[in-house]
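Asks: These are the residues of each chain, in order.
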Amino acid sequence: MNDSGNVTAPDDLARKNGLAMLAQMLLIRRFEEKCAELYSGGKIWGFLHLYIGEEAIAVGAMRSIRSEDAIVSTYREHGHALARGLAAGPVMAEMFGKTNGCSGGRGGSMHLFDASRRFYGGNAIVGGGLPLAVGLALADKMQQRPVVTVCFFGDGAVAEGEFHESLNLAALWQLPVVFLLENNLYAMGTAIERHQSRTDIHLKAAGYGIEAAVVDGMDVNAVESAMAKAMSRARSGRPYFLEARTYRFRAHSMYDAELYRSKDEVEKWKQRDPIHLWQQRLRQKDLLTDTELEAIEAEVMTQVKAAVEFAERGTWEPVEDLMKHVYAPVTT
Amino acid sequence: MTKSTYRDAIKAAMREALQNDPRVFLMGEDVGRYGGAFACSRGLLEEFGPERIRDTPLSESTFVGAGIGASLNGLRPIVEIMTVNFSLLAMDQIVNNAATLRHMSGGQFTVPIVIRMTTGGGRRLAAQHSHSWEVWYAHVPGLKVLAPATVTDARFMLGAALRDPNPVVIFEHAMLLPMEDEIEVVGENFNMDRAAVRRAGDDVTLVTYGGSLPKTLAAAEQLAADGIDAEVIDLRSLRPLDMPTVIKSVAKTHRAVVVDEGWRTCSLAAEISAGIMEGAFYDLDAPVVRVCSAEVPLPYAGHMEDAALPQTTRIVAAILEMLAHHE
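Line by line, the protein sequences are chains P and B. The first sequence begins at 1 in my numbering and counts up one residue at a time. The second sequence begins at 333 in my numbering and counts up one residue at a time.
Just chain P, same shape as in the assembly:
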């Protein structure tokens, strides 16, 4: 019910949810754009892999992921982290390398972790998270917890042995894992036709006895629906494979000269920018006005600005503490 005691009409709910998803996608987009700026400005170092263009997947999928479920991700995980609810400040601070970063400044862009949100990173080895996801799910199943582990990975990981081993084991032991492939058509600089003998990757899942679906990763609503089904299946106690087809509008990382794809191809995919598509859909349904959009953009920029300030305010870890976090203390 809303404040005046009326039952909330479906339109209101659709509007609320629709605007929320738009705001989340915009937050990720503006956050990533700011990261690119800060990287060039020497505030962020190392490797930076931007999620620009793929926002609909993190945001749409997260709608069905509960707080008690687990998430394993990749080095392109800023979007997942923000959609999961990690505050923008600690995420930005982590990339600055400050102590108020979500990994204490020890991890950086590729290693965002949050134990309180069951966010298990942030993994820099392609395919390295899949076995972890299998184990997390195994432990939940063995302890009879009705939770799901969601494992995000890219098309590059499909070529690694771990992909095949993990799907096989998850199916064999009937583990509650959603294997969520974000197929952006490139494994760094290698197009999928050049690294996969069969490019309809979701079809591989059938080879392991895992139910699979493919979804347009640029359509946040479609992703939401597809993921709702995926989570429901996994929650009943078996693995599920969801391929979300997407595209990254920026380079693989900040070092990438993008020699391997044409500017035309990028422009073509930008016509299907998930944020623009969603804005259009909301407007079509009279669920978004210009004023509202402006307000959302302004709010997002405030959050991003606040995140940068939070990061700037953070302190550097004293070098004397270098040897911390290597071993957990042994308690007798």
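Each pair of labels, with its calculated beta carbon distance range:
id : chain 1 : residue 1 : chain 2 : residue 2 : range
1  : B       : M423      : P       : A257      : 30 to 36 Å
2  : P       : Q144      : B       : A459      : 41 to 47 Å
3  : B       : G381      : P       : K268      : 54 to 60 Å
4  : B       : M609      : P       : V330      : 25 to 31 Å
5  : B       : G611      : P       : E258      : 52 to 58 Å
By construction, these hints were calculated from the structure, which means they are not laboratory data. All C-beta atoms, glycine included, are put in the ideal place defined by N, C-alpha and C.
Based on the hints, put chain B in the right spot on chain P.
Replies: Okay, now just chain B, sitting in the frame of chain P:
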């Protein structure tokens, strides 16, 4: 005191852990129906059931990674990698996940996984099945590495490893499996991080670990007949290395020989030698001698493999030569 084989001691350790802690489970290739490739888990499947004794597909990377994931999430897995030779397939999970998750996350996670592996050569299994990779694991901050060389340590190190919140890798030398001995009564001061003096002596310090301990003790006995009194130190823990115990011994004997089944180049013996140089330089009457495997992939033919591996005769010869040249 009960007598047991090293193999049965391992099994007893696993049984005790499975009985006392419902979070513990065993996972690996052929640990269940086959009874364990080295018979260390025979009967456990029948006793504890398939939920807790899990036969895995031949997927080292994923079942080790799954063990890591399970250990992050409330359980205490014992992951058995059939031999150290196959562990190379799981190196990424062990080094990039088990050893580093705590650090990368700024201390948010612990990874209390125990990984057991059979190690070593001497069984005519040729190059791919005879490795001693202890040094590779001992190199990695974030891991703890154990090498039980006695039946007592085989019996109790596993329990200590399971109580440790860090990832622990335990190397069980294949040649030790049938070894029979008394299981000592151990108290609360049982540790998994300190070396043990297995034989006291004044003339030379022999430092070793794992499968080389019996050969080193045999060498000490032979030397005793020549009036040379050797002190034998069993390292027990390879990471952390208990250098203080080694240094204390060398300060007394002024001579050190390290016996290590790994290849000589970049070996654990090299690490120990450096440590002795750093900690006991002015106490040494002679350079540290290393007795290691020859720089060759281990051959199949028995006499060739024997020639490649450290043997009692080679250990004795090395010590006699050291004494002859540095009186």
